[in-house]
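Protein chains in written order, with our numbering: chain V, 1 to 144; chain D, 1 to 98.
Be careful, since some hints might not be right.
To be clear about the criterion: a stretch of chain D counts as covered by chain V if any three or more of its residues have a C-beta under 8 Å from a C-beta of chain V, and this derived list gives those stretches [unchecked claim]:
#1 18-27
#2 32-44
#3 49-55
#4 67-79
Derived, one-sided and incomplete: chain V residues facing chain D with beta-carbon distance under 7 Å [to be verified]:
#5 S50
#6 F58
#7 A98
#8 I129
Calculated cross-link-like contacts (lysine to any residue; reagent style SDA-like; alpha-carbon spacing at most 20 Å) [to be verified]:
#9 V/K73 with V/L108
#10 V/K73 with D/A11
#11 D/K34 with V/L104
#12 V/K120 with D/V80
#13 D/K34 with D/I73
Note that these hints are calculated values from the structure, not bench results. We put the CB at the ideal spot given by N, CA and C, even for glycine.
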Amino acid sequence: MKLSSPAPGLLISELEPAERLPNPPLNLPKDLIENNLENSQASIPSKQLSRRQEIEIFFSTFFTIFVAELGDKTQLTTLLMSAESNSPWVVFMGSGAALISTSLLGVLLGRWLSSRVSPKVLETATGTILLLVSVLLLWDVISA
Amino acid sequence: MDWNLLGLSFATVFLSELGDKSQLAAIALSGNSKSLRAVFLGAASALLLASFLGVMLGEGVSQILPTRWVKAIAAIGFAVMAIRLLWFEADSTQSEEA
């Protein structure tokens with residue numbers, strides 16, 4: 001009881017100079033983080049990307065794949081399995097791990113292919129794959 | 001934890017998703033874009049959200065979102081990206097490379 005009343009006084013008078021000390025140590029990690037971010041961006045072999053460009057790529061990928069995957073057979077499979085098993089979280093974890101690994105495989109395969117093929121061939125192949133994806137989607141629409 | 005069910009759902013989804021259109025899209029997008037990390041994170045989170053909706057909402061998802069229309073829109077979007085790549089961006093990237 002007695003300790004609680006002098007404590008605020010101590011905080012104001014004695015900790016004020018001490019508060020200046022944490023500031024420089026707080027700035028150091030920030031600098032380190034920024035340096036690390038710059039290093040990690042520089043480690044990307046091709047051109048340097050700004051954070052904004054990366055976010056744009058993230059969202060365009062997110063929306064195209066999300067929209068393409070809605071109502072897909074994978075979603076129907078997980079739906080049926082979770083309905084049958086009564087433990088939806090286990091099914092979600094299993095299918096989530098599977099989806100993460102297939103997209104990781106896809107991304108790594110794409111990067112590997114892009115390092116071996118000339119840009120022009122790559123563009124033609126990419127365009128063809130995207131056309132194929134859109135045909136597959138249209139097929140789903142028609143056959144549903 | 002039901003490890004049997006976990007393994008079963010992993011194997012089913014992994015096998016059915018291998019070479020499926022979302023993986024094809026991930027291959028195509030990552031080959032052509034500069035940031036591997038952004039494509040992977042975008043693809044993985046989209047797939048996770050889609051399967052989350054499937055698991056949690058169950059049949060309700062088809063009532064909230066008319067999936068046929070959504071798919072038709074997605075098909076048009078992919079076709080537009082393909083056509084842009086095949087016909088319009090061939091020259092601009094060549095000049096970028098030079």
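Take a quick look at whether D/K34 and D/I73 sit within 20 Å of each other, Cα to Cα. Violated, because 26 Å separates the two Cα atoms, which is more than 20 Å.
With a cut-off of 20 Å on the C-alpha distance, tell me whether V/K120 and D/V80 pass. holds, 18 Å
Go check the region 18-27 of chain D versus chain V for me, would you? Three or more residues, Cβ under 8 Å, otherwise it fails. The restraint on the region 18-27 of chain D holds, since 9 of its residues have a Cβ under 8 Å from chain V and three suffice.
Agreement of D/K34 and V/L104 with the hint, judged by alpha carbon distance not exceeding 20 Å: At roughly 16 Å apart (the allowed maximum being 20 Å), V/L104 and D/K34 satisfy the hint.
Taking the closest Cβ pair, is V/S50 under 7 Å from chain D? violated, 10 Å
For the region 32-44 of chain D, do at least 3 residues have a Cβ located nearer than 8 Å to some Cβ of chain V? Contact hint for the region 32-44 of chain D vs chain V: holds, 13 residues under 8 Å.
Using the nearest Cβ pair, does V/A98 come within less than 7 Å of chain D? holds, 4 Å
Minimum Cβ distance from V/F58 to chain D below 7 Å? It holds, given that the least Cβ distance between V/F58 and chain D is near 4 Å, below 7 Å.
Taking 20 Å as the top limit, are the C-alpha atoms of V/K73 and V/L108 close enough? violated, 24 Å
Do three or more residues from the region 67-79 of chain D put their C-beta atoms closer than 8 Å to C-beta atoms of chain V? holds (count 12)
With chain D as the partner, please determine if V/I129 meets the hint condition of a C-beta pair closer than 7 Å. Given a least distance of 4 Å, the restraint on V/I129 holds.
Could you grab the alpha-carbon distance between V/K73 and D/A11 and see if it respects the 20 Å cut-off? holds, 14 Å
Checked against the numbered hints listed earlier, the structure breaks hints 5, 9, 13; every other hint is satisfied.
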